[in-house]
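Colleague: Here is how the chains run, residue by residue.
There are 2 protein chains.
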Amino acid sequence: MKTWNVAVLGATGAVGQQMLKVLSERNIPLGTVKALASASSAGKKVYCGEREIIVEETREDSFKNMDFVLGAVSNAMAQKFRPAIVKSGAVFIDNSSAFRLDADVPLVIPQINGEDAFKHNGVIANPNCSTIVTLMAISGIARIAVIQEMVACTYQAVSGAGREGIVELETQMRQEYNGEEKTHSVFPCQILSNAIPFIGSELDNDYTTEEMKMQNEGRKIMHLPELKVCCTCVRIPVIRSHSISVQLKLDKDVSLDDVKSAIKNAPGCVLAEDIDGRDYPTPLDVSDQDLVYVGRVRRDLINGDRGVCLWCCGDQIRKGAATNAVEILELLIK
Amino acid sequence: MKTWNVAVLGATGAVGQQMLKVLSERNIPLGTVKALASASSAGKKVYCGEREIIVEETREDSFKNMDFVLGAVSNAMAQKFRPAIVKSGAVFIDNSSAFRLDADVPLVIPQINGEDAFKHNGVIANPNCSTIVTLMAISGIARIAVIQEMVACTYQAVSGAGREGIVELETQMRQEYNGEEKTHSVFPCQILSNAIPFIGSELDNDYTTEEMKMQNEGRKIMHLPELKVCCTCVRIPVIRSHSISVQLKLDKDVSLDDVKSAIKNAPGCVLAEDIDGRDYPTPLDVSDQDLVYVGRVRRDLINGDRGVCLWCCGDQIRKGAATNAVEILELLIK
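Residue numbers (the numbering used here), protein chains in the order written: chain A, 45 to 378; chain B, 45 to 378.
Wrong hints could be hidden among the right ones.
Identical copies carry no separate label here, and so any pair may be met within one copy or between two of them.
Stated by the list, open to error - Within a straight-line C-alpha distance of at most 30 Å, the following computed DSBU-like cross-link-like pairs (lysine-lysine) qualify:
#1 Lys65 <-> Lys378
#2 Lys108 <-> Lys65
#3 Lys293 <-> Lys272
#4 Lys131 <-> Lys88
#5 Lys272 <-> Lys296
#6 Lys226 <-> Lys65
What the hints contain is simulated information worked out from the structure, not anything from laboratory work.
Work the whole structure out from these sequences, hints included.
Modeller: Right under this line is the structure:
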């Protein structure tokens, strides 16, 4: 039986470790699984299911004989190793934002534009985490009407800043409990008991890089070059699942029943109907799950029958990053 | 010198205690200050500045000789005692939502529609807390253009559910720290490390009572009967300040410079320009303050020059409730 050799680049981070976990959960015939990271992490142990893997320092020749490289590193590191990966013949499925808008790099959510994955030139980009959760939630609606405008306000987990983000929130909880002064270095100020309306860096149009991803990546993934998105990205003290409040303006009237059916029929998507008696999800409900949950589906009070509002939640580390990358890999080996 | 006798109805709750505190901070010539609550709280001590006040059980005759009664009780209690208060001749400034939309009850934010307060028939209503913070933030803009549409997503503190809400979050923090199972009774599920997109009860249009307040109260306070508001109210694990992400559509083009000047010139409102190097506020920054802070002012990417987006934060217990009520009282005695 054909087996697949997979390297995870950045294997000691929150997303990298989750990639190894998701790889082990799927029915993928795995050959060699390599865990690559910086020199300082070399020698550490990580796990792919029951396989114990010793982390190796990433070198130019680390990708030899690999079929896939799953990237969970910074833009700079992704750019640095891209040539070596492509030269090795492996397909680079990269979670950084370095190549997402490049014309020759497909940007893929398998449930939405899986066919794009096959047009790659050695690199496939994994979208931004909030963008994945949001687009999954509206993917069913996009099949019954053209989405023209979207207003999105995010409620993003600290895991979006990696393992360090989670550690910073947990440290502040401990400091609070012990009456100590709160320290911060990952986020611009204390995140415990707070909400920070600024993620990434600021662009000339006063939006943040994180906010513009929703429009730029949304247009590319959904094949909607005219889509207008007005986004506000906010970090809140939640560990690992993102939530998004979404208002959509469609090109035609659509009944709420049709909207709900479309959400139910969308692969990877769940219409929340009874979560402990609630008909809406919370980030805690969806943590450590691959599905995106949708609730609070209702008529938009501004755009009438062409408008829909909803609330969605998805695990940032899983579907927002690791799972989506592994699903792209699965698409290609099918 | 004329002095004013004031009773606080619900004096042991989070808002009631804050009303007593704010009363003591202002230059109001106070005569008798009464602290009224349920029988079970009678005999407790509360403070109005350095005055120690023994809490009395509320009775029909508790309001005799009072000039003002500040209400911080449930709708049912406000309705129960309204006749006795009005009969006593005191002006009832009520923080419940029981009378807010009544045609003969002014609904007042002094910085916006102070003149309405003088048309009372014994009762003046204090608006919803998120509504106060949001309208304060956009009050300057409303002076330079007509606001036609607003999309608002809230990030609401647990104090909106009163002292019990704060206690529930603090208890869950302790339970988390001690590895115990989290318990909840105030909120529909765990609020620690979570976000709950449901506040109040659900109406026929699938919106919550809390969400519709933004449109219904906004129309009345701003004298904009046609204003369309599409609101999503979300509880997050923040102690006492609300934040709101706002998108506005105006009746005409307005430059961002004019918008920023308008915010700066709005009484009670601050354009955040340098809070520890940040040009946006967070709920922690504004806690225990009376001012509403605004940041992230930018062009709306959907409505172009007629559109504005912003982020605002205000203390829920102070300006969102107690301070606004005391400011109404001050208007009337000036």
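Colleague: For a quick check of understanding: which of the numbered hints are violated here, in increasing order?
Modeller: Of the numbered hints, all hold.
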